[in-house]
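Novice: Residues per chain, in single letters:
There are 2 protein chains.
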Amino acid sequence: MTENERANETAMNTMADDPKPQTVPVVAVVLAAGFGTRFDPDNPKQLVSVGGKPIVCWSIEAFERCARVSDIVVVVNSKVREEVESLIDQQGYGKVRVVIDGGAERVDSTAAALDTLAQAGIPGDAKILIHDAVRPFVAQSAIDGSIDALDQFKAATVAYASTDTVLLTQDLGDLKVVKSVPDRPNTFRAQTPQSFRFATIRKAYELAAQDPDFHPTDDTRVVVDYLPGEPVAIVSGAETNLKITTLEDIPTAERIAEQLEGFDPKEAARARMHALLAQAAGQMR
Amino acid sequence: MTENERANETAMNTMADDPKPQTVPVVAVVLAAGFGTRFDPDNPKQLVSVGGKPIVCWSIEAFERCARVSDIVVVVNSKVREEVESLIDQQGYGKVRVVIDGGAERVDSTAAALDTLAQAGIPGDAKILIHDAVRPFVAQSAIDGSIDALDQFKAATVAYASTDTVLLTQDLGDLKVVKSVPDRPNTFRAQTPQSFRFATIRKAYELAAQDPDFHPTDDTRVVVDYLPGEPVAIVSGAETNLKITTLEDIPTAERIAEQLEGFDPKEAARARMHALLAQAAGQMR
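Heads up: the sequence lines are chains Z and B, in that order.
Heads up: the first sequence is residues 49 to 333, going by this note's numbering.
Heads up: the second sequence is residues 49 to 333, going by this note's numbering.
There could be a bad hint or two in this list.
One copy or two, either will do: identical chains are not told apart, so a pair holds if it fits within one copy or between any two.
As the list claims (entries may be wrong) - DSBU-like cross-link-like pairs, simulated, lysine-lysine; straight-line CA separation at most 30 Å: (1) K291 / K127; (2) K291 / K314; (3) K227 / K251; (4) K291 / K227; (5) K101 / K314; (6) K101 / K127; (7) K314 / K227; (8) K291 / K143.
Treat the hints as calculated values from the structure; they're not laboratory data.
With these hints in hand, go ahead and build the complete structure from the sequences.
Specialist: This is how it looks when you write it as structure tokens:
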């Protein structure tokens, strides 16, 4: 076993063989409000198809498929709302309770979802799984592992041990220099879902809201920084749970999609043809 | 510009428009001694072909091609020595001065190379660029940038700003929990080459050798931990400067190879055919 595999082994794995009876709501929040500045502005990345299916559909379906998830909240921006709503209708996603507007930053979108849940009277011990829509290939084991982890911890995040050595840097004039090199077995790349008991993430966000300097890129960090006494568990992620950030990620995503349940080869071929025709039409313009 | 692009901008870029006259030896050390436990044990990863060319050849050629590099030292293990030597002969790599045996760990291989250089009487201000052979697609700009950085610093590493949030973890019993979440613009993934003035890396290794508990995965860390007063500059890396670690990296590597100078489509087709035939033969066994 490599050092990396050993590090991933220490992350929590699902205990699905022995599921506890579920007594609280398990709510998935799918964040699909990002604009993806490095993507085609006319075709936001959450709507791009991989394996013949829009990225946002892959993400919603991952939580539709998990029997332990009771409800789904989808967070969008006004630019994609209409299309996302029509996809949800077409596909008949039965757990999606509401599609809400997000905010300018990722944390604003999470905050909007938490407000909606509070207004809906969700109990403090509900399990909230916050997921980036642009991670379409999240494994069922990561979702199960997140739900399980919240029996022992009040916060957890899916993460994957870094294969590269991570360097922490600091500024030296205009330049970056290395500040420290943490031990590789203790460096993980954060993925999603990031999961919390509702009262815990709500409290952390309330504290963060009072700090004007705080702009986290990550929900876990809100808990780590504002509720430092609260341990956040690491749940086993995977290389395939990638975040689609640029167009260059699409070929890798297509390869992963082909190997997954839910892949529709006919639909994929049709979509590829469509993309090629659109490209050709663009070149003729 | 995204946050990530901004972070990469603060890394040093090559100043190749205004090269200084070169007065010291510039030695590339290509580390090709790893075994790659996650790879086919009968076909070590540094010998696998991508784009029709063995990975180790891509790496050596990157330094052959840079006019400012004066000498190359290749570090191997006994299992691949014969094949690497014959590739060097076949390809006529004119800067390769010596092929030496590495050690059990990465740092042992670096230490062996440093000993060889000392015995050869290399001056203390020589610039030493240490490169992982399994990063075949290092850009000329990264090599130039490394050589330039050593005019201002005594140590530098190529690195690429992390697109993922990095989590630093600690153990809680058998499990990992999050310890802290560093600011993303200050988290970089270390790549190679990692570059040093010879006297600096030699001194750092001498100090490290006296510490039996020290097993770094990275040469930069030896300087950061043992010569803490010595700033290590960050030189702009690239996503394409990937480390080939598992067989799953090969399709990505093939895609990168196709876009690079030095790619031979005929040879690549021949190699692919060869691989398919070998696979078929294996299935018939």
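Novice: Now tell me, hint by hint, if it's right for this structure.
Specialist: Going down the list of hints, with the structure as the test:
For the homomeric pair K291 and K127, the shortest alpha-carbon distance inside one copy (21 Å) is at most 30 Å, but the shortest distance between copies (38 Å) is not. Taking the closest pair of Cα atoms, K291 and K314 come within 30 Å of each other only inside a single copy of the chain (25 Å); across copies the shortest separation is 34 Å, beyond that limit. Taking the closest pair of Cα atoms, K227 and K251 come within 30 Å of each other only across two copies (19 Å); inside a single copy the shortest separation is 32 Å, beyond that limit. Proximity of K291 and K227 under a CA criterion of 30 Å is satisfied in both settings, with 27 Å inside one chain copy and 23 Å between copies.
Proximity of K101 to K314 under the C-alpha cut-off of 30 Å is restricted to the intra-copy arrangement: shortest distance 11 Å within a copy versus 35 Å between copies. For a Cα distance limit of 30 Å, the shortest separation of K101 from K127 inside one copy, 19 Å, qualifies, whereas the shortest one across copies, 46 Å, does not. Neither within a single protomer nor between protomers do K314 and K227 lie at most 30 Å apart by alpha-carbon distance, with minima of 51 Å and 46 Å respectively. Taking identical chains as interchangeable, the C-alpha atoms of K291 and K143 lie at most 30 Å apart only when both belong to the same chain, with a minimum of 24 Å there against 41 Å between chains.
In this structure, the one hint that does not hold is number 7.
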